[in-house]
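Peer 1: Let the hints inform the model, and build the full structure from the sequences given.
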Amino acid sequence: CLSDIFVKLFQNIMTSTQTVPNQSPEEEETWQCRRWWTKITVEPTMFLYMMAFMTTSVVEQAFFVHKSCTVNHHYNDTICRNLSQYKDINTEVQITVSDFHQWNNIAGHIVPIILSLFLGAWSDRRGRKIPLIMGLIGKLYYSVMVVVNATQDSWPLEYVIYTATIPSALTGADVAIFGAAFSYMSDVTTPKDRTLRISILDVCYLSTMPTGVALGSFLFNEVTNRSYTIMFIINASMLALAIIYSILRLEWQTTSTQRPLREANNIITDFFDKNHVKESVGVLTKKRPHHRRLYLWLFMVIMALYTFQRDEKPMTYLYVSKMFNWDVATYSNFKTVQSALYVITMLIGIPVMSKLLGWKDTIIIMIGASGHALARLVFGLTKVGNLFYLGAVIAAIGPVVAPVLRSMTSKVVPISERGAK
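Start counting the sequence shown at 75; every next residue gets the next number (our numbering).
Simulated from the structure, these hints should not be mistaken for lab results.
Note that the structure is a prediction, hence the values are computed from the model and not measured.
Hints are not guaranteed to be accurate.
When the alpha-carbon atoms are kept at most 27 Å apart in a straight line, the in silico DSSO-like pairs for lysine-lysine are as follows [unchecked claim]:
hint: 1; residue 1: K113; residue 2: K266
hint: 2; residue 1: K457; residue 2: K361
hint: 3; residue 1: K266; residue 2: K361
hint: 4; residue 1: K457; residue 2: K396
hint: 5; residue 1: K396; residue 2: K161
hint: 6; residue 1: K434; residue 2: K361
hint: 7; residue 1: K266; residue 2: K485
hint: 8; residue 1: K266; residue 2: K429
hint: 9; residue 1: K348; residue 2: K360
hint: 10; residue 1: K161; residue 2: K457
hint: 11; residue 1: K457; residue 2: K387
hint: 12; residue 1: K266; residue 2: K434
hint: 13; residue 1: K485; residue 2: K360
hint: 14; residue 1: K360; residue 2: K266
hint: 15; residue 1: K429; residue 2: K113
hint: 16; residue 1: K396; residue 2: K434
hint: 17; residue 1: K361; residue 2: K348
hint: 18; residue 1: K485; residue 2: K113
hint: 19; residue 1: K352; residue 2: K485
Peer 2: Here is the structure:
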């Protein structure tokens with residue numbers, strides 16, 4: 075079976091599949107397939123979560139522009155569906171959408187940043203599953219409220235912040251999901267396997283980028299008759315499946331030190347415990363041998379700088395629609411190609427660089443960061459739409475930074491501070 079092939083390909087880096095004595099070949103094959111199945115943990119969760127996000131990623135940007143045009147600026151639907159033909163109106167609408175993105179990003183990140191001070195230490199004690207599910211519920215709520223906003227013709231664009239973004243942020247949203255998912259993976263893997271397993275997890279959700287964008291463009295233009303409401307109903311359905319799978323499949327506790335939530339006297343004080351903040355801050359401030367404290371600070375700064383390129387995406391849609399007159403379909407085609415290149419690099423690049431060539435993690439990070447930097451120069455300087463694809467090719471090596479950096483971080487922190495077995 076295909077799963078058996080997968081085991082054989084990765085048996086030198088994943089937990090080895092030991093042969094059980096006195097088994098027939100058929101029984102051995104069945105047993106190996108079952109062993110492969112037990113290794114699947116948060117991968118389907120991240121796949122469904124990211125598929126939901128990517129299916130509406132470009133459509134969501136178009137929705138913000140359309141909402142700003144029709145409600146905030148009171149133009150008719152004909153004009154707003156063909157903004158590229160009205161240069162002055164397009165500029166006016168884009169200014170409003172840019173301001174919205176600024177405040178929406180602030181509203182969507184302040185609370186999760188504060189919660190992250192508690193989430194890490196709390197999940198070490200209570201498990202990764204609860205923060206993961208809460209974050210997914212927050213994203214589900216966001217999608218449902220975007221559906222509501224899409225059906226309300228009198229609600230201005232800013233209502234998305236008040237009704238969807240802020241309530242969703244109270245659950246931790248993306249911060250909780252990513253933090254819990256990768257911590258879960260660190261808990262159930264060995265240091266030897268971790269770089270590859272985390273890279274596989276990255277591939278699972280990155281693979282949704284080209285497929286999700288392409289699917290979203292097809293559904294939006296060919297199936298739903300450009301309906302924002304239906305698109306976000308599809309988004310919400312995928313998130314609901316992710317929640318159901320996580321509840322049924324994942325373990326509540328993944329280490330011997332984690333205890334059930336029912337043992338807490340008060341859930342609120344158990345979470346908002348000042349000791350959690352002390353523990354989280356202490357991870358970065360306590361003295362460590364071999365300059366490991368300095369490494370942690372450097373990793374944090376590197377990741378902070380790296381995430382700047384991730385937050386450019388909403389502005390990129392506005393930029394190409396104004397600069398090159400790209401519509402949803404054209405921009406979706408670009409994102410599909412860009413995302414496909416990302417996934418190919420993740421599938422081939424990291425195994426080749428880390429296993430075949432034996433390069434150090436630091437070298438891989440330098441190469442990935444350099445690719446992102448050079449690509450941004452191309453994006454900023456090109457005046458021709460087709461050359462935008464050249465930037466995507468150069469940036470294809472960039473996504474190797476995040477999984478390798480996370481793996482390096484987990485390796486310099488003692489087992490007791492990771493909550494691992």
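Peer 1: Determine for every hint whether it applies to the structure shown.
Peer 2: Each hint tested on the structure:
1. Restraint check: the Cα-Cα separation between K113 and K266 comes to about 16 Å, which is no more than 27 Å; the hinted pair holds.
2. Taking the CA atoms of K457 and K361, the gap is near 51 Å; set against the 27 Å cutoff, the hint is violated.
3. A distance of roughly 25 Å separates the Cα atoms of K266 and K361; the hinted pair therefore holds under the 27 Å criterion.
4. For the suggested pair K457 and K396, the alpha carbons sit about 12 Å apart, so the restraint of at most 27 Å is met.
5. Proximity of K396 to K161 is assessed by CA-CA distance (about 8 Å); at most 27 Å being required, the pair is judged to hold.
6. Only pairs whose Cα atoms come within 27 Å are accepted, and K434 paired with K361 is accepted, the gap being roughly 25 Å.
7. Using a Cα cut-off of 27 Å, the hinted pair K266 and K485 holds, with the two alpha carbons roughly 10 Å apart.
8. Distance check on the hinted pair: K266 and K429 sit about 11 Å apart at the alpha-carbon level, within 27 Å; holds.
9. Taking the CA atoms of K348 and K360, the gap is near 17 Å; set against the 27 Å cutoff, the hint holds.
10. About 17 Å separates the Cα atoms of K161 and K457, which keeps this hinted pair within 27 Å; it holds.
11. Taken as a hint, the K457 and K387 pair is honoured in the structure, with Cα atoms around 18 Å apart against an allowance of 27 Å.
12. Among the hinted pairs, K266 with K434 is consistent with the structure: their alpha-carbon atoms are about 14 Å apart, no more than 27 Å.
13. Of the pairs offered as hints, the one joining K485 and K360 holds, with about 16 Å between alpha carbons and a cut-off of 27 Å not exceeded.
14. Taking the CA atoms of K360 and K266, the gap is near 26 Å; set against the 27 Å cutoff, the hint holds.
15. With a C-alpha separation of about 21 Å, the suggested pairing of K429 with K113 holds against the 27 Å cut-off.
16. Of the pairs offered as hints, the one joining K396 and K434 is violated, with about 42 Å between alpha carbons and a cut-off of 27 Å exceeded.
17. A threshold of 27 Å between alpha carbons decides the hint, and for K361 with K348 the separation of about 21 Å falls inside it, so the pair holds.
18. Between K485 and K113 the CA atoms are separated by roughly 21 Å; this keeps the pair inside 27 Å, and the hint holds.
19. A distance of roughly 21 Å separates the Cα atoms of K352 and K485; the hinted pair therefore holds under the 27 Å criterion.
The structure is inconsistent with the numbered hints 2, 16, although it conforms to all the rest.
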